[in-house]
Amino acid sequence: MASNKKYWKSVEELKENSLVVDTLKNNEFVEEIPTDDFLGDKENLEASSTTRRDFLKYVGFTTAAASLAACEGPVVKSIPYVIKPDDIIPGVAEYYATTMADGFDFANILVKVREGRPIKIEPNKEANGSTNARVQASVLSLYDSLRLKGPKANGEATSWDKANEEIIAKLNDVKTAGLPIAILTGTCASPSTKKIVNQFSETFGNVSHVVYDAVSESAALDAFETAYGFRALPDYNFEKAEAIVSIGADFLGDWQGGGFDAGYAKGRVPSKGKMSYHMHIESNMTLSGANADKRVMVKPSKQITALARLYSVLSGGAVTMEFTPLTQAIDIAAKKLQEAGSKAVVVTGIQDEKAQLLALAINKLLNSEVIDTVATKNVRHGNDATVKQLITDMNAGKIGAVIINNANPVYSLPNSTEFVEGLKKVKLSVAFSMQDNETANAVQYALATPHYLESWGDVVIKKGHYSLMQPTIKPLFDTRQFQDTLLTWTGSTASYYDFIKEFWTAEVLNGTSWNQALHDGIFTTEVVEEAESTFDFSTVMKGMEIPKTGDLELSLYIKTGMGDGQMANNPWLQEFPDPISRTSWDNYLTMSKADAAELGVMNENVANGALNGSLVELTVNGVSEVLPVLIQPGQAKGSLGLSVGYGRTQGLKEEMQTGKNAFKFYKDFNTTQTEVSVKVVGGVHEFACVQLHNTLMGRGDIIKETTLEDFNSKDSKEWNKVPMVSMDHKEVEATSVDLWESFDRSIGHHFNLSIDLNACTGCGACVIACHAENNVPVVGKQEIRKSRDMHWLRIDRYYSHEEDFAADNEKKEAGTGVMGYKDTMAELEDPSENPSVAFQPVMCQHCNHAPCETVCPVAATSHGRQGQNQMAYNRCVGTRYCANNCPYKVRRFNWFKYPENSEFDYYMNDDLGRMVLNPDVTVRSRGVMEKCSMCIQMTQATILKAKKEGRPVNTNEFETACSNACSTGAMVFGDINHKEDTVASLTEDKRAYHLLEHVGTKPNVVYHVKVRNTQEA
Amino acid sequence: MSSHYEAPIRRPLIVGDKSYHDITVEVAAPVEGKANKLWWTAFTIALVAFLWGLGSIIYTIGTGIGVWGLNKTVGWAWDITNFVWWVGIGHAGTLISAVLLLFRQKWRMGINRSAEAMTIFSVVQAGLFPVIHMGRVWDAHFVLPIPNQFGSLWTNFNSPLLWDVFAISTYLSVSLVFWWTGLLPDFAMLRDRAVKPFQKKIYSLLSFGWTGRAKDWQRFEEVSLVLAGLATPLVLSVHTIVSFDFATSVIPGWHTTIFPPYFVAGAVFSGFAMVNTLLIIMRKVSNLEAYITKQHIELMNIVIMITGSIVGCAYITELFIAWYSGVEYEQYAFLNRATGPYWWAYLLMMSCNVFSPQFMWSKKLRQSITFSFIISIVVNIGMWFERFVIIVTSLHRDYLPSSWTMFSPTFVDIGIYVGTIGFFFVLFLLYARTFPVIAQAEVKSILKSSGENFKKLRDGNHE
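Residue numbers (UniProt numbering), protein chains in the order written: chain A, 1 to 1017; chain B, 1 to 463.
Don't read these hints as lab results, they were simulated from the structure. Hints should not be assumed to be uniformly reliable.
Claimed, not checked - Residues of chain B placed beyond 10 Å of chain A at every Cβ, according to the derived structure: (1) Lys196; (2) Pro260; (3) Ile280; (4) Ile374; (5) Thr434.
Stated by the list, open to error - When the alpha-carbon atoms are kept at most 16 Å apart in a straight line, the in silico EDC-like pairs for lysine to aspartate or glutamate are as follows: (6) A:Lys811 to B:Glu328; (7) A:Lys822 to B:Glu298; (8) A:Lys398 to A:Glu369; (9) A:Lys822 to B:Glu330.
Where a beta carbon is used, it is the ideal one built from N, C-alpha and C, also for glycine.
Modelling step: build the complete structure from the supplied sequences, incorporating the hints.
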């Protein structure tokens, strides 16, 4: 709308018929523009050296120049070393031995540091260290952009000096008031920290140290304390085991702190005709159950009866607890255990002191060599009773101050509201935290602590096993260690570094070098048995009660990727597909097919294949939550599974706020809950599942399997059949037929990767190691749903349709006629109720006759002289023909620009997160294909190192990220032209086969037939 | 050739009492007259579709191939389906003008101009897809063997995709030259009739200075014959090479030796259907019923029926061979094609391509213009689904069940496809208003032998 406002320009306008106004109205310019004077002056114009054409040139040039100058070139922030630090050589990686101990995961590790940045975690093999997926991923949590970056008081940023001053004052108040101070920490297993805590309690008096584990092993600790007199967890060396019976103990997962897979796998590889026998009795499908020779499904509450029965059978006592379906299984278990004698072991995950005692008693009865009650483990120390007491006391106003370190009770306590109420009643509440998490936001003072890669520390993971933690980078933020601050509060001026060095010199090292210990990351001492147990094991059955059962029972479990949830803001772990469900970015209620059918709960695939699941409301002891259901083969009927670690809401990006918090169902710190009901609420949930088809469809040549019996008695041709093809009308082995003339591969290096399906437990450490080494992008939940995961290495998990895969193969063969075949194949799509499970790590097979190489129009993928199939990213135009023609479907396409794109706000979108990138590996751009390179940057580095040192490459010196991370020894990498390399003999092993051999691709990745010890008689 | 005697039982190819001048006037009429409302409506719709497609293409190139529905398992879907579909459609033009020329089939003269135009326009659409389906379009020149300073950096001559580059570009250039050669006398005709100087200028440029001397005509005949000889093998080779994209791979369902003949038959099948679609409309709109007669439509329908049956045989053979091979992966691929999650696509393909052309056995149906039009559309729907079935159902469940997944298109996939249809019709509609849509010079050559009135006259003399 036009404005009616009138603007007065001069007083003259008030007058009517003013001359001035009229003149102005008619002329825009008051004064004549002297164009004529200017242009009419021909003489002057002609005399000017600037002609019209020149003028236009100038105008053109200046316009072009101005617009060019306006285009800003990209700014690359790189700072040269004006004075090069002595210990940093650009391009050369440094390794530091240190220890991870975050209260949940404990590991001796090596940290790869490039140009001052820790970029990768490797197991410290000299310290017998092994890493799981979370340990591997922990390096990314260092570069978490949402870390607590400095101390905060009541939510406001403050300074350390001010915070310390205020806290000390308050502590003194509390001291004068005579109220107790509670220090609530996660399991720290650090002797020096314990000493500092003691000093602290000497200073302030009346200090109690409460140890709290988010996922408690209190029952096992209590049982062990009852039996052996001190609070610790026994160690188990499964390598020695010939018979393993587990009742609800996911020992390949995180049962009692985990880390048992290496020993277990050694016993699983058949050697000299023998391998261990593993029976697993459980309700949820776990990693351990999936690896077992015989898996028995049973509801959680029945497990204790199974254990009792086993004890009764073994001890020859009266079998008092009858439980029919398990009778046969228990009898087999007992027989197997007795046969193995002292080489047998029984483990249980039942969260009940009596059950744990029973297991200890059985092992004692068997005189098991597998269990080690002397060199015990310290990875869990939490005590449920003291935690409960603390909360009660806090609410009763009996506690003066609470100091929390390395724990997030506000998130992980089942009764977290009570805890928060209690916090309000104490005079002083302090949380030491790396993250701005739920607890840090609920206390008065949130004190920022450094990541373990920025910290000093010591850990006794196992008795006699002293490990050191050292910083690998200067603290990125204004953080101080818990120990340093505690020292300050006690009035000490010493730094924790000085303290720890002094402490070790005085109490640990026994005169040996501190530098050496720091270099090794570990110092071991002899462990002497403390007083022999005087506990009378024969009394364990006394007072045994049949536990309460429910129509539905809930079993809380720990997901391999997420652990207790403290690394929930780690995109690698969020996108890590669960080894069993292959679902990422979520937790969900696992339910058996039978229960799902009864409730009318559905799992279905939408048009693009993505998985959707019905929503239900789960109510446990009156606490409810709406959860999606994933129908899980192998889930015992009447039982439900739900993983903890999800549902965090504070201190993490929106994308990472996935799943629901299951800790609220963790009543009395018991993973088994029997007061459970489920109600369908309608609606569906979108899952991000990377494997949408669960069965092997009777394709026995993909995962070859045999039984120990056949393996021992029959020729390898029978159980490791080479596919036959017709050549000149004769049946010949497919491997002998070749379309191409091969060149001489015996010269130089020829890399092979061997994967033993017997040793692989499916743990997924390799998946994350590959992520870290090769800068694999994270794509997020929605992209995973579109089947666009970028993992270079995946671990396929297959379920059998029949009870095992051999029966699947037979079923497929038996289908006759077109309709019979159709029906059989349709049936084979459904997994069995209690399936046999197989894991198969699949990465680029580096085919010597690669289908991808022939089809690329621009030769962007071609074969290396050392056996690798290589990708030249710069050359790739992105036709995706190679991916289509790959029989293994290992090629991954960059559908979008993943780095520096706010649509993919994961670690590659901020400067801090990008610090984790491996400078040796290109970050791929949009539109190019990528895939496993067999870590060519690592093999080349090894070759160059040897060359520089003027020596041949050592035996087994070549490694890839996956083979390095594999703690079970399933993945072995090396040069097959170097006959001493382990891989050279492995490729010629009679169990060796290539994936899809009949296609004729001649891969450089070799698998080993899975042998199952199924003999029960 | 013009005064050859033609048997009276052959139906006339030019209906009505036409003189040479009538032909000139009627062919020139759409060019010289004004566009009617219908044309403008059609053109607007086509243009909007084209712009939508263009927008989708720009969005794809700006954001990434991820805006399509593809995934790690199904790396091609609508893109290559559309590519093969358009190339296939492009086959009819060359077949009509070159192969039928060599076989002296005079009925081609009424339709070859538009069939060739259709070929060129559809090859343009087809050519778009291999370019835009690349993740990095800006590096598309990498697929050309351009000498460079990087030593041995060269294209991979083993790759069928590279063969495609050569096949399509050769096909496009030969078709274009062939088309233009035929257009020269007709452009000259338009030039001579033009009254506005601008039009005269343009058409004289387009006619390359055609004067109509005897020498011109002699050279014209020779070049046509030579080009027909060159183009004939291309009819077979182009789709053979396109089929190699699949046939040389290792994916069950793709790795099939039957593909080359099967693809060529399918291409001719879909091409003829498209010619029918276009001409049935054009003969009506541009008043060319005298030149594109029922007889033409019927003959085309016979070709559709035969090629449809060949395609049907190929489908059955594939199934048989899959079973006969005894290879479980092969067997499953075809079982899954027919009964898996994409069974509906297979059923559509089977019913549209194998079942529907069988109606053409009935003389009544194949002479019905409406029915022919419907079948021509149905066939092209079927042929689109054939390519979709081959590409997507083979990929989505191949060797390792762990990677099995599904494909579902996004609005961008659909946008680009609809956009190419729009683009095609934009070109074709412009062509219909500016080009002589019937090879009038050639048609005139058969007026005396196959024109209805002349036939009557002659037959009358014989009595």
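Hints, one by one, checked against the model:
| no. | hint | verdict |
| --- | --- | --- |
| 1 | Lys196 | holds, 36 Å |
| 2 | Pro260 | holds, 17 Å |
| 3 | Ile280 | holds, 35 Å |
| 4 | Ile374 | holds, 29 Å |
| 5 | Thr434 | holds, 36 Å |
| 6 | A:Lys811 to B:Glu328 | holds, 13 Å |
| 7 | A:Lys822 to B:Glu298 | violated, 41 Å |
| 8 | A:Lys398 to A:Glu369 | violated, 47 Å |
| 9 | A:Lys822 to B:Glu330 | holds, 14 Å |
Against the hints set out earlier in the document, violations occur for numbers 7 and 8.
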